[in-house]
Amino acid sequence: MEILVCARRVPDTSENEISLNSTGNDIERDELVYSVNEPDNYAVEEALQIVARGGGKVTVVTVGGEDDEEILRREMAMGATHGVLISDAAFAGSDGRGIATILKGFVAKGNYELVLTGVQAEDGAAQVGGMLAAMLDYPFASLVNSIEILDGKKLKISREIEGGNREISEIDLPCVLSIQTGINEPRYVGMRGIRAVASVPIATPDAAELAVDPGSVGKVGATVTRVDYFMPALGKGAEMLSGSREENIDKVLELMAAKGGLK
Amino acid sequence: MARIFAYIGHRNGIVDDSAMELFAAARKIDPAASPTALVTGWGASLDTICDALRTTFPEVWKIASENLAYPNAELIRKALMKVLPAGSIVLVPHDHFGIDLAPGLSIKLNTAFVSDILDVTERFGTALTVVRQEFGGQVSAHVRCNLSSGAVITVRPGAFKPSSSAPLAGVVVDKSSEVGPLAAGRRYLQTVVAEAGEVDITKHNVLVSIGRGIQEKDNVGIAQELADVLGAAVSCSRPVVDAKWLEKSRQVGSSGKTVKPKVYLACGISGAFQHLAGIKGNPFIIAINKNPKAPIFQVADIGIVDDILEFLPEVTNKIREMQSISAK
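Going down the list, the protein sequences come from chains A and B.
Okay, so the first sequence: first residue is 59 according to our numbering, each after it adds one.
Okay, so the second sequence: first residue is 1062 according to our numbering, each after it adds one.
FYI, nobody ran anything at the bench for these hints, they're computed from the structure.
Virtual Cβ for every residue (Gly too), placed ideally from N, Cα, C.
One or more of the hints may lead you astray.
DSBU-like, lysine-lysine: derived pairs with alpha carbons at most 35 Å apart [as the list claims (entries may be wrong)]: (1) Lys1318/B with Lys214/A; (2) Lys1323/B with Lys1341/B; (3) Lys1318/B with Lys317/A; (4) Lys211/A with Lys1143/B; (5) Lys1222/B with Lys317/A; (6) Lys1089/B with Lys1169/B; (7) Lys1379/B with Lys1305/B; (8) Lys1139/B with Lys162/A; (9) Lys1236/B with Lys1139/B; (10) Lys214/A with Lys1305/B; (11) Lys1139/B with Lys1318/B; (12) Lys1321/B with Lys309/A; (13) Lys1351/B with Lys1309/B; (14) Lys294/A with Lys1278/B; (15) Lys1123/B with Lys309/A; (16) Lys317/A with Lys1305/B; (17) Lys212/A with Lys1169/B; (18) Lys1278/B with Lys1305/B; (19) Lys214/A with Lys1236/B; (20) Lys1309/B with Lys1321/B; (21) Lys309/A with Lys1305/B; (22) Lys1222/B with Lys167/A; (23) Lys115/A with Lys1323/B; (24) Lys1222/B with Lys1123/B.
With beta-carbon atoms standing in for the labels, derived distance ranges [said to hold, decoys possible]: (25) Val1260/B with Ala316/A: 23 to 33 Å; (26) Glu1239/B with Asp230/A: 23 to 33 Å; (27) Trp1103/B with Asp230/A: 17 to 27 Å; (28) Asp209/A with Val1260/B: 38 to 48 Å; (29) Ala266/A with Ala1105/B: 55 to 65 Å; (30) Val278/A with Ala1105/B: 48 to 58 Å; (31) Asp230/A with Glu1127/B: 37 to 47 Å; (32) Lys277/A with Ser1225/B: 35 to 45 Å; (33) Gly123/A with Ala1105/B: 55 to 65 Å; (34) Asp1279/B with Leu208/A: 37 to 47 Å; (35) Gly151/A with Asn1171/B: 12 to 22 Å; (36) Arg111/A with Val1260/B: 26 to 36 Å; (37) Ser1238/B with Lys277/A: 16 to 26 Å.
Counterexamples of contact, computed for chain A against chain B with all Cβ distances above 10 Å [stated by the list, open to error]: (38) Leu143; (39) Gly222; (40) Gly248.
Taking the hints into account, I'd like the entire structure generated from these sequences.
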């Protein structure tokens, strides 16, 4: 099966404390550790497992600039056949619809039976997969946590719904699925694996090549724009204990006893 | 101002809590709005739902169709396309159904799309400013959306407080005949209910709950030892289940279990809203996290900035000491 996985490079929130820059128009990015968006990595792993069972090819695509190439290399080191960096100055400032429009241009050039995205990006809106599917008139499912190939024409999938329950459906190919974390166990990639694919060429199509109207994407095409970032109000906020560890433990135990948490 | 619609979820004849929240959000977008409820489904329960909504919404649009008995987002999108006027603003709860429906609906309606909003801060004409969160709730953002050709907006559950007002005598408008036959490329087969685990975390008064901060599977024992001396159970947040360090039945959150303990020890848990949605009954929350900016500190009663891998064993030892003294 020909599978396309749409991935993004994002600041890794498990590794970073996010703070604002001095003007508040962006987060402070200088010290951030970037990595592939976590659900996207699960999507690549799922694609690789499908291809390992039934043959085919996995292409990983991202929209961005030079810095984003590193995540393509990483996913190629996992086993993806091709990495594609869609890049054009006209794409800067695209909203979700803009990104979906660009990806639609790329999908239309290929022959993909299955398109996967991660369910949501760290700074995203869980939108691109569903938008892309609607633009292509493909069926779509979000929050997918298992995929079974029924035949060349359809899949049996499950979606994560409330309470840990799973909604089982049948879906026609070609389709777009947004992948939830936990669907598989993504393989480990070491530096050696990344070095091994360091010189594999990465295609870099632009707006003209994908027949994307520059007026429909980027800042000019956006109907949704971020104005600024701010630190959320602390609500009532916790009473922060600032004693020594031993003092903090004593206080915790005292409070737990008072609240019925100690036998 | 464009007409505002609220898509109302329901199950087993009961209206979803989000209905009143969407009404409140609609009023915040436009204080003069008379939001219209959109309800899809089939059978007698659908009429019960419409009747219940009539007391809040001046108009309830009902779409009854046998193949809408189960909420399939693709079929519902096609049904809504038939009835929604151009330029509408459509509010949808940001849950597993809204995530499925809303992005594609915005494309087909050719409108702006904003997801998971927590608040509405201002509107000048067709420029609407809303509040969203990014990076797992560590930062908030003001986002501006152009409403000139309408919008689809998903609304975070629990973010908008329903206001109480005198019950209305709204009308139910049956739109079913405008919809016609529906078919989808995705067909619902069944729902598989989550398996019960070896430990039922919903039955415990004290939970030692662990998140990504536990770092590796071998460290889960640190939390288990503390739980053992407390007579508590170990629960967890999503990353711990994704990494297969604990089974799914231990997960607290909207896609896991809803728990109602008296004391909740949040250990190395960042506090994403999906996790907090699973904590009910207003427990006493003690949060321990290395990251002083972790959102969990906004909702906890007591917060400690520390490494759980060092902190928890010391708590366990201290309790053991106390227990051995009292046993003498």
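Checking each numbered hint in turn, tell me which of them this model violates, lowest number first. Violated hints: 15, 22, 23, 31, 37 and 39; rest satisfied.
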